[in-house]
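Undergrad: If you read the protein sequences in the order shown, they are chains A and B. According to our numbering, the residues represented by the first sequence are 1 to 336, in order. According to our numbering, the residues represented by the second sequence are 1 to 303, in order.
Worth double-checking, as some hints may not be accurate.
Unchecked claim - Footprint (simulated), chain A over chain B, 3 or more residues, beta carbon under 8 Å:
(1) 59-70
(2) 88-97
(3) 100-109
(4) 149-158
Just so you know, these hints were derived from the structure itself, not from any lab. Yeah, the Cβ is synthetic: ideal placement off N, Cα and C, and Gly gets one too.
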Amino acid sequence: MSTPVVASPPVPLKKRSGPATHNYSKERKVGEGTYAVVYLGHQVTTGREIAIKEIKTGIFKDGLDMSALREVKYLQELRHPNVIELVDVFSTPHNLNLVLELLPCDLEVLIKDKEVVFTMGDIKSWMLMTLRGIHHCHRNFILHRDLKPNNLLIAPDGQLKIADFGLARALGNPNEDLSSNVVTRWYRAPELLFGAKHYTGAIDMWSIGIIFAELMLRVPYLPGKDDVDQLDVTFKALGTPTEQIWPNVSSLPMYNALTVYAQPSRQELRNRFSAATEKALDLMIMLTQLDPSRRCDSTRALLHDFFTELPRPTEPRDLPKKSIKKEEPDAKRRKI
Amino acid sequence: MISLLTPEEEATYLDFYSNNIIKTCNFFKMPTQVKLTAASFFKKFYLVNSVMEYHPKNILYTCVFLAAKSENYFISIDSFVRALQGTEAAHILDLEFIVLQSLKFTLLVHHPVRPLYGFFLDFQAVLLHPEPVMYDVSVDTLGNLYNRAKDWLNEHAVTSDVTFLFTPPQIALAAMYDTDKRITDRYLKRKFLKEDKEKLNVIKEGDEEQPDQNTEPQNEESEKQGVVKEESETNSHHNIKLHTQREHYETLVRTIRKCIKIAKEVKPTTREESKEIDKKCFFALNPKKLIDKRIKRLALEEK
Ligand SMILES: Nc1ncnc2c1ncn2[C@@H]1O[C@H](COP(=O)(O)OP(=O)(O)OP(=O)(O)O)[C@@H](O)[C@H]1O
Ligand SMILES: [Mg+2]
């Protein structure tokens, strides 16, 4: 990342943090997450529109928040058209502020907006951009661990960007335990549901498979009501894993005597996803393999025939946008 | 006049504190990863700041605290400072952002332990399979080499400047080379010189990039067939390839040797040396104290 614009090396740092604020204007609140409030603003010197993610303090008495640190740590390492850009970081007396590129929309908003119609070309285009972004993360040994439509933001030019790296972490320190309590429930891979302490980028690939399904269905694919129900919903849809299809599955910590559901037949899947071509179904099946070692990785997914068959992926600038209706309540709120 | 520290004194002083990082991390039973990251933060902090501006003691603790969080080994500020003498939570929390800013918000540090593990695996692939290459080298020998190389890294790489001068895989190889030159050299030769004549390969189009540590073992079967088919026309190519291979190998060994030398140059700083510098540093950090002292003395002389 470039050094903060205000930085001039000879000035002691403690004096530097103050003026940084003046480089950016905070205008209005555009969103709120569990640990941050997001504002729209401008970079004063360039006039560029940006988003400022102000990390809430007071909820974390142990100094800088872990999620914020993770977000800074990993976004610093990643530069890719399909990963959100971290422009700068600065502090106000009690807050850490991440300056991000402004991304006014997200995929969840579009999925829920019933005025908007998705074509297979649109879905293909979003899938492609998501996969390119995650491929870049994985080849840098970074797991996202919280992929869901709400964290796939859309730029004004239609580019999709993976955002919210508050749960991300680096892969590949041998023997290190990882937490299985990651990923928003509906997008959580079966190995996580079983409490696996070692896992790979395959957990992100699962989430992408579930998002793919959601893009076609326009409703969440596996909406479990709680963690136990999530297992049931997942296996009802995709079959219960057995030792045959997933060797050693029964040795995972939370593997239990489960209701045994059969694997869905091809015809069943065809009925479930009526708009999907055979190639689309193939990709979906590869992404939602129960056994993580059989699930396809980002390279194989990107090379899949689904992306080369017709229709072509829609050009990002021609992708559907939020319908105007949706804007109205927002506009009203702004006037108040 | 305040006498300022010379760069040498400052370096000596920091070496002393670098060692305290390791002690602190060991005290909290933190994993190696945290130790290495904390040491890296500390060194980077003083690339852009001076001990005459920030006293190393609390910076050191802040680096450990921040590194622990960054490496997912969270420890609460209360239990952290409870174990430290004369340091309060506020001291560390106030410095945390300053440290983060000095690091230019770069928290990810690539350590040589990971490539070391990779080399441990590749040594097995290259030296033991399909059949052992050295009569006295087994999995156990290599396991032992790996463990001793890890100790070497802890001893020499954490506190020295090598992390600023060499890449993590180079440092890892230096650790192995200095631990067991014979085995490591054999590995490097087999890997980069393809010492076995039979396996010497045809240059495939687009395959002339530098052999680096990440080069995958090549598919020997298909290459052998290639040699048979294209032998005559590739002989001169062959020699060029041999030549560049040798150059790469020699450059690599030279780099490794240089790394070993620099890693071992650091001599431990004694407590006395550090105390001396500490005294000098005191007035630089607190110029007012010096003025007060001078005024007192002048007042005495007046009388
Ligand atoms: N770069 C951006 N541009 C515009 N809006 C943004 C941007 N980043 C985040 N937002 C908005 O702010 C909201 C919260 O951001 P984000 O998801 O990063 O925070 P979070 O605390 O991790 O949230 P959650 O825990 O709910 O996922 C998002 O849902 C989005 O509406
Ligand atoms: Mg979010």
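Undergrad: Does each hint fit the structure? Answer for all of them.
TA: We went through each hint and held it up to the structure:
no.	hint	verdict
1	59-70	holds (count 4)
2	88-97	holds (count 4)
3	100-109	holds (count 8)
4	149-158	violated (count 0)
Hint compliance for this structure: hint 4 is the single one not met.
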